Amino acid sequence: MTKTNQPVLEAKNIDKFFYNPIETQVLKNVSFRINRGEFVSVVGKSGCGKSTLLYILSTMDTDYKGELLIDEQIITGKHANYLSRLRNEKIGFVFQFHYLLNEFSVLENVLIPGLKLGKFSREELEHRAMEKLKIFDMQDHALKKANQLSGGQKQRVAIARALINDPLLIMGDEPTGNLDKKNADIVFNIFKELTTEFHQTILIVTHDPEFADGTDRIIEMEDGRVISGQ
Amino acid sequence: MKWSLILELARALMFARIKQTLVAAIGVTFSITMFVALLGFMNGLNTLLDGLVLNRTPHIRFYNQIKPNPNQPIDLSSEFGTGINVIRSIKPSNSRLAIYNSEPILKTLNEDPRVRGVSAKIASQVFYNVGSIDLTGVVNGIDPEKETELFAFQDYVTVGNPADLLQTNSIILGKGAADRMLADIGDVIQVTTAQGNKAQLKVVGYYQSGLADFDNANSFASINTVQKMMGEPASYLTDIQVKLYDFNQAPEFANEYRDIFEIEADDIQTVNAQFETGSSIRTLISYAVGITLLVVSGFGIYNILNMMIYEKLDTIAILKAIGFNSSDVKRIFITIALSIGFIGGALGLLLGYLSCLGIERIPFETDALPTVKTYPIDFSSKYYFIGGVFSLVTTYLAGFFPARKASSVDPVDIIRGK
Numbered sequence: 001m002t003k004t005n006q007p008v009l010e011a012k013n014i015d016k017f018f019y020n021p022i023e024t025q026v027l028k029n030v031s032f033r034i035n036r037g038e039f040v041s042v043v044g045k046s047g048c049g050k051s052t053l054l055y056i057l058s059t060m061d062t063d064y065k066g067e068l069l070i071d072e073q074i075i076t077g078k079h080a081n082y083l084s085r086l087r088n089e090k091i092g093f094v095f096q097f098h099y100l101l102n103e104f105s106v107l108e109n110v111l112i113p114g115l116k117l118g119k120f121s122r123e124e125l126e127h128r129a130m131e132k133l134k135i136f137d138m139q140d141h142a143l144k145k146a147n148q149l150s151g152g153q154k155q156r157v158a159i160a161r162a163l164i165n166d167p168l169l170i171m172g173d174e175p176t177g178n179l180d181k182k183n184a185d186i187v188f189n190i191f192k193e194l195t196t197e198f199h200q201t202i203l204i205v206t207h208d209p210e211f212a213d214g215t216d217r218i219i220e221m222e223d224g225r226v227i228s229g230q
Numbered sequence: 001m002k003w004s005l006i007l008e009l010a011r012a013l014m015f016a017r018i019k020q021t022l023v024a025a026i027g028v029t030f031s032i033t034m035f036v037a038l039l040g041f042m043n044g045l046n047t048l049l050d051g052l053v054l055n056r057t058p059h060i061r062f063y064n065q066i067k068p069n070p071n072q073p074i075d076l077s078s079e080f081g082t083g084i085n086v087i088r089s090i091k092p093s094n095s096r097l098a099i100y101n102s103e104p105i106l107k108t109l110n111e112d113p114r115v116r117g118v119s120a121k122i123a124s125q126v127f128y129n130v131g132s133i134d135l136t137g138v139v140n141g142i143d144p145e146k147e148t149e150l151f152a153f154q155d156y157v158t159v160g161n162p163a164d165l166l167q168t169n170s171i172i173l174g175k176g177a178a179d180r181m182l183a184d185i186g187d188v189i190q191v192t193t194a195q196g197n198k199a200q201l202k203v204v205g206y207y208q209s210g211l212a213d214f215d216n217a218n219s220f221a222s223i224n225t226v227q228k229m230m231g232e233p234a235s236y237l238t239d240i241q242v243k244l245y246d247f248n249q250a251p252e253f254a255n256e257y258r259d260i261f262e263i264e265a266d267d268i269q270t271v272n273a274q275f276e277t278g279s280s281i282r283t284l285i286s287y288a289v290g291i292t293l294l295v296v297s298g299f300g301i302y303n304i305l306n307m308m309i310y311e312k313l314d315t316i317a318i319l320k321a322i323g324f325n326s327s328d329v330k331r332i333f334i335t336i337a338l339s340i341g342f343i344g345g346a347l348g349l350l351l352g353y354l355s356c357l358g359i360e361r362i363p364f365e366t367d368a369l370p371t372v373k374t375y376p377i378d379f380s381s382k383y384y385f386i387g388g389v390f391s392l393v394t395t396y397l398a399g400f401f402p403a404r405k406a407s408s409v410d411p412v413d414i415i416r417g418k
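In order, the protein sequence lines correspond to chains L and S. For the first sequence, the residue numbers in the working numbering are 1 to 230. For the second sequence, the residue numbers in the working numbering are 1 to 418.
Bound conformation, chain L alone (with noise of 0.2 Å):
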């Protein structure tokens, strides 16, 4: 896959309201469109509603007005089933906490949403995430619990649990907000590896100006309105 004009994902209008304890309005119009093979970051303030607006293009948060496509079709409004085998098939995830699963191992917590996903036997499986996990330099510790992990180590595993089913996209939530400068660095270039030598699409949400002077497109957030790189 090479640089396209194809989109992958497509905000139009999109509208979201608290009403907890007040009706606040923390996205405000927001459009833009999100093409193959971009490496895209979202910027702001605290408070901008850049998290929000991540939860929304996710498909975890429907309560929003506006329309949502993804791989150029319409997601909002679908149901709950359909959004969650979208988010298994064509959406990988990277937090600011790993949120890996304690109980199994590190070779285990890539496998699952392959397993999940049940398009490869467990042996193909496993091939393929040892195969993301050598990408890391992480084949090392596969068979070891997840809470055996130093932070960085953590995130570099839940990146390679994001890429298993070769998802259509990466979102990622501050990925390197609880990192520290060496462990944000080496995050940040696997990212920039993804994007140049596998064209991954990516879209990241941070505060780290740093981070986001890397990427090939910032989108500003302010007020819950984009105020430039849509």
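Think of the hints as simulated: they come from the structure by calculation, not from any bench. Remember, predicted model here, so these are calculated numbers, not experimental data. One should not assume that every hint holds.
Some but not every residue of chain L turned toward chain S, in silico, with C-beta under 8 Å [unchecked claim]:
#1 Gly47
#2 Ser51
#3 Tyr55
#4 Met60
#5 Asp61
#6 Lys78
#7 Arg85
#8 Asn88
#9 Leu101
#10 Ser105
#11 Leu107
#12 Ile112
#13 Lys116
#14 Phe120
#15 Glu123
Glycine residues also receive a C-beta, built at the ideal position from the N, C-alpha and C atoms.
Go by the hints and put chain S onto chain L.
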């Protein structure tokens, strides 16, 4: 959805909280053990106590009752036919206890397909002559083979063998009667019948039913011996006892033949109604206790699953984020609950069986129950089946509400809350 993955996740969550999971499973194990042991023991006792009476009670008993003739001559007179006739002081005209036409009756009954067996009997009032004292009693003339086959007669013959009765002039004495007469096996005792005939009978065994009053008066001899003793012909019989294949047909059967034979017929349901009431109430109580235990362990599982869900909110959130839908999450927690129920229940059934085996070895000797040496246990598979089903049903219900709560977790709330 792939069940192997659901099972793997459920297993991992259980092993993460292995202590609580074990506590929950032990709760189920304990309650199922108690349920099985309690019901097995209670029903063993029920069967024993019911058997005490029901086993040796015929389903239908035919006999002749001495009573005034219902057809008085005055009713046949045309002169008094229209009014209500009141006659005082009528006496029974028939003094015979024997059943008329006993042979054709026996033949008819034996040919009825509903009948499992027929055993004739003579009840003869006697005096046991002990020195200068006469003790009242009853010598029952029986067919020892039939009596053994149909009414478990041999179970109550504590010393000697029912077949010994086939020798003429032998008697199996009631234990109480034997004790009062100081009669040992091989002794010859003398009885006097109501007609005044005296007979010498050799003691070949003791009979002990567990009902002391009965054992004090009743003894057994063969039909021939009793007929001879009474000076009656071979057709002389006072009771015909019938055992059916299905004892629920007894009232209907009794009604039918009562009219045909013009004879009294008592069915078991009418005579022994109280026994069924007693057993059904005992069974009800044991079920109530067993189910209470299970419900309590169900609450234990409910609590533990609820705690597990609070602890594992992150896991639930991430599972949902990576594509598990609500019903997958619900299945995971229901699987946990059912696994606890299944493992706990299976262990409980095993331990319940073992404790039944244990109880069965506890000595339980009483004069009232000569054949019983240890506590009686009912090993019917019915209780194991009910116990197994209940363990799964209660754990399912206990898991249902926590699982529904887990399935409704909103991943955005959890992930943003960090």
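Hint status (Cβ of Lys116 (chain L) to nearest Cβ of chain S, threshold 8 Å):
Status holds, d = 5 Å.
Return the status of the interface hint for Ile112 (chain L): holds when the least beta-carbon distance to chain S is below 8 Å, violated otherwise.
At 7 Å from the nearest chain S Cβ, Ile112 (chain L) passes the 8 Å test, so the hint holds.
Against chain S, with CB atoms and a cut of 8 Å, does the hint on Gly47 (chain L) hold up?
12 Å, violated
Holds or violated: is the Cβ of Leu101 (chain L) closer than 8 Å to a Cβ in chain S?
6 Å, holds
Closest C-beta approach of Arg85 (chain L) to chain S relative to 8 Å, hint status
6 Å, holds
For the restraint on Met60 (chain L), tell me whether the closest CB of chain S is nearer than 8 Å.
5 Å, holds
Do the numbers back the hint for Glu123 (chain L), that is, is its least Cβ distance to chain S under 8 Å?
Check failed: Cβ of Glu123 (chain L) comes no nearer than 13 Å to chain S, outside 8 Å.
Against chain S, run the beta carbon of Tyr55 (chain L) and see if the smallest gap drops under 8 Å.
Holds. Min distance 5 Å.
Would the hint on Ser105 (chain L) be counted as holding, given a Cβ-Cβ threshold of 8 Å to chain S?
This interface hint is violated because 10 Å lies over the 8 Å limit.
Identify whether the interface hint at Phe120 (chain L) stands, where standing means a beta carbon of chain S within less than 8 Å of its own.
12 Å, violated
Tell me if Asp61 (chain L) is really an interface residue toward chain S, meaning its C-beta lies closer than 8 Å to one of theirs.
OK, holds: Asp61 (chain L) within 8 Å of chain S, min 5 Å.
Checking hints one by one. Is Ser51 (chain L) an interface residue toward chain S, by the C-beta closer than 8 Å rule?
The hint holds - Ser51 (chain L) has a Cβ within 8 Å of chain S, the shortest such distance being about 7 Å.
When held up to the earlier numbered hints, the structure conflicts with 1, 6, 10, 11, 14, 15 and fits the remainder.
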